[in-house]
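K.L.:
Top to bottom, those sequences are chains A and B. Numbers 1 to 115, taken from this note's numbering, label the letters of the first sequence in order. Numbers 1 to 112, taken from this note's numbering, label the letters of the second sequence in order.
Since the hints were derived computationally from the structure, they do not count as laboratory data. The structure displayed is predicted, hence computed values, not measured ones. Just so you know, even glycine gets a beta-carbon here, dropped at the ideal spot from N, CA and C. One or more hints might be untrue.
Incomplete in silico selection of chain B near chain A, CB under 8 Å [unchecked claim]: (1) Ile94; (2) Leu100; (3) Gly105.
Listed below are the residues making up each chain.
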Amino acid sequence: GAVVSQHPSWVICKSGTSVKIECRSLDFQATTMFWYRQFPKQSLMLMATSNEGSKATYEQGVEKDKFLINHASLTLSTLTVTSAHPEDSSFYICSAPQFSRNEQFFGPGTRLTVL
Amino acid sequence: GENVEQHPSTLSVQEGDSAVIKCTYSDSASNYFPWYKQELGKRPQLIIDIRSNVGEKKDQRIAVTLNKTAKHFSLHITETQPEDSAVYFCAAIINQGGKLIFGQGTELSVKP
Chain A
1 GAVVSQHPSW
11 VICKSGTSVK
21 IECRSLDFQA
31 TTMFWYRQFP
41 KQSLMLMATS
51 NEGSKATYEQ
61 GVEKDKFLIN
71 HASLTLSTLT
81 VTSAHPEDSS
91 FYICSAPQFS
101 RNEQFFGPGT
111 RLTVL
Chain B
1 GENVEQHPST
11 LSVQEGDSAV
21 IKCTYSDSAS
31 NYFPWYKQEL
41 GKRPQLIIDI
51 RSNVGEKKDQ
61 RIAVTLNKTA
71 KHFSLHITET
81 QPEDSAVYFC
91 AAIINQGGKL
101 IFGQGTELSV
111 KP
């Protein structure tokens with residue numbers, strides 16, 4: 001079946017540093033990918049839509065200058081959390097739709113802890 | 001934009017009983033409604049989905065019903081087992097392959 005990977009699976013960083021998270025579709029091409037954030041005991045909140053070859057579309061309230069998204073190829077989208085702060089600590093999950101199967105496939109998630 | 005409301009937030013049942021989780025959505029253009037099961041620290045896993053041209057779908061112990069007029073859909077789990085314990089999320093999407101809007105989640109606990 002379709003597989004989406006994320007790297008790293010977890011990361012701990014100091015406040016003020018930047019962290020890059022990669023999302024890859026391993027066996028299908030994804031012109032669109034989605035980035036979600038999930039705080040403990042909460043739902044998945046859509047942050048942005050990553051579009052291959054064009055700018056990402058951000059949801060209301062998500063700072064595009066803080067959460068940089070790049071979708072440079074049909075299989076890779078990256079999310080960079082810039083100048084991370086403790087309140088950015090969360091579980092970040094990407095997803096990619098596979099249109100032929102009418103289904104979205106989620107990455108395993110990245111646990112970010114900012115000290 | 002789309003808004004999805006999910007109830008209850010927690011649900012505790014005895015093993016063998018049925019569990020029902022309900023969701024409502026706001027955008028009548030939504031046409032795809034998946035349900036996900038998420039275990040702690042893991043990715044959501046699709047357990048069943050339904051499209052707007054269908055009123056009910058069943059897969060073994062799991063069923064989903066959709067009422068387009070009322071804009072609500074429900075997940076039914078029969079003969080619950082302890083391994084059904086997890087957080088369940090409903091979601092709605094307007095265009096297949098488009099962005100998913102999730103409900104708030106239901107933490108299901110099945111007591112042996």
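K.L.:
Taking the hints in turn, state whether each one holds.
P.N.:
Results of checking the hints against the structure:
1. A least Cβ separation of about 13 Å between Ile94/B and chain A goes past the 8 Å threshold, and the interface hint is therefore violated.
2. A distance limit of 8 Å between C-beta atoms decides the matter here; for Leu100/B the minimum to chain A is near 6 Å, and the interface restraint holds.
3. Evaluation of the Gly105/B hint against chain A yields a held restraint, the C-beta minimum of about 5 Å falling below 8 Å.
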